[in-house]
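Colleague: Just so you know, the protein sequences line up as chains Y and P, in that order.
Position one of the first sequence corresponds to residue 0 (numbering that gives the first Met the number 0), numbered consecutively onward.
Position one of the second sequence corresponds to residue 0 (numbering that gives the first Met the number 0), numbered consecutively onward.
Any given hint could turn out to be false.
Identical copies carry no separate label here, and so any pair may be met within one copy or between two of them.
Unchecked claim - DSS-like, lysine-lysine: derived pairs with alpha carbons at most 30 Å apart: (1) K152 <-> K81; (2) K213 <-> K152; (3) K213 <-> K181.
Calculated from the structure, these hints are not laboratory results.
Number of protein chains: 2
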Amino acid sequence: MTKKAVILLSGGLDSSTCVAIAKSQDFDVYGLSFRYGQRGSYELDAAAAVAKAMHIKKHVIIDIDLRAFGGSALTADIDVPKGRTTDEMEDEIPVTYVPARNTIFLSFALAYAETLQSDDIFIGVNALDYSGYPDCRPEYIASFQDMARLATKIGVENDQGVRINTPLIDMTKAEIIKLGLKLGVDYALTTSCYDPDEAGVACGECDSCLLRLKGFEQADKHDPIRYQT
Amino acid sequence: MTKKAVILLSGGLDSSTCVAIAKSQDFDVYGLSFRYGQRGSYELDAAAAVAKAMHIKKHVIIDIDLRAFGGSALTADIDVPKGRTTDEMEDEIPVTYVPARNTIFLSFALAYAETLQSDDIFIGVNALDYSGYPDCRPEYIASFQDMARLATKIGVENDQGVRINTPLIDMTKAEIIKLGLKLGVDYALTTSCYDPDEAGVACGECDSCLLRLKGFEQADKHDPIRYQT
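Work out the full structure, taking the sequences as your base and the hints as a guide.
Modeller: This is how it looks when you write it as structure tokens:
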């Protein structure tokens, strides 16, 4: 019997690399993306392109409206910060933080995994080169897995529950890129920018662009996507 | 400064009683309901009626489509079981279980609480007279609260996080009804049935109807809603 994995697929560099890792471990991949009030559709377009290019089993897009709550630069009318150093990113939680976003996404992944009778969820969180979000830390992920075991029928029945796999959590961006290229990820299909222009071209200055660019530089590889600057 | 509470409001007996309890504790109440692919709109109509009658501060309805996953009698085309005894309910998780439903609902409540800068979520789960769902148990709720502390900005900043209040968890249905009546809940506005007819009239035979009817009987009170049988 083939193993099934539910993967949170944002269309970014990290989640695309997660798909390649899960496939290299012989999982059938079920991708899950969200239309949650992001600016523009470029993220979902990228997620769909990655899903197609990597031949995943199924790609489900869930509509949820986080704008009903507001409170983040990614879903409300607040400016995305530009040109921050990595130290500045580590010092405080930025306005691009979306309240409880990963918790909501992982909860849907849990529902999907339980419905598929899958024991594995993959999420591309990263605790080294990241934007300082609380819900990217290893202790958060471990705690979600404990909760998930108690939440679900599968957890009650076999006392194991669903595993939350975070293969990238201790890797630098450069290491992730090198691994992804080795596994055949086409990073030209991915998008990372928090604030692209109307054509979807990356700004090159937000936290996410800066981390990506630094990663390619340190990996000594060329980033195939276009930038405004 | 007034205290704010986010309350998961299903339009049922338990969540309506939760609103009355929170109000008796001087909370401003922000109700949260979900359009998640239930059969009919009677639940949301009841939630809106309760919200209005109890003068809550705000009532937000979130659209999510759990039918994309399927896997439950409440969201897919599976028959709702009728006429089960309480012992049968305790023995196994029924087909009306919706995978990870409370986890998804609490995750949205967490996002809403964080946006409102509220420290309190109320959920009307009950571990005595309940349908045997894993995500109604006290250990599940405690685990969700631990996870929520690690997930959020508020948890990182004050090391406390959001409290998940479950005032009904150790009460019998009869005790809940007596308390609610004392606090002025109008149970005629509420709905509990998993499988009402097209006019929204309760079946009187599903787990939820049977628990409700038994509760009113044991409380020696009259249930003001209509039943088909």
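Colleague: Each of the hints needs a verdict: does it hold here or not?
Modeller: Hint check results:
{"no.": "1", "hint": "K152 <-> K81", "result": "between (45 Å within a copy, 21 Å between copies)"}
{"no.": "2", "hint": "K213 <-> K152", "result": "between (43 Å within a copy, 26 Å between copies)"}
{"no.": "3", "hint": "K213 <-> K181", "result": "within (19 Å within a copy, 63 Å between copies)"}
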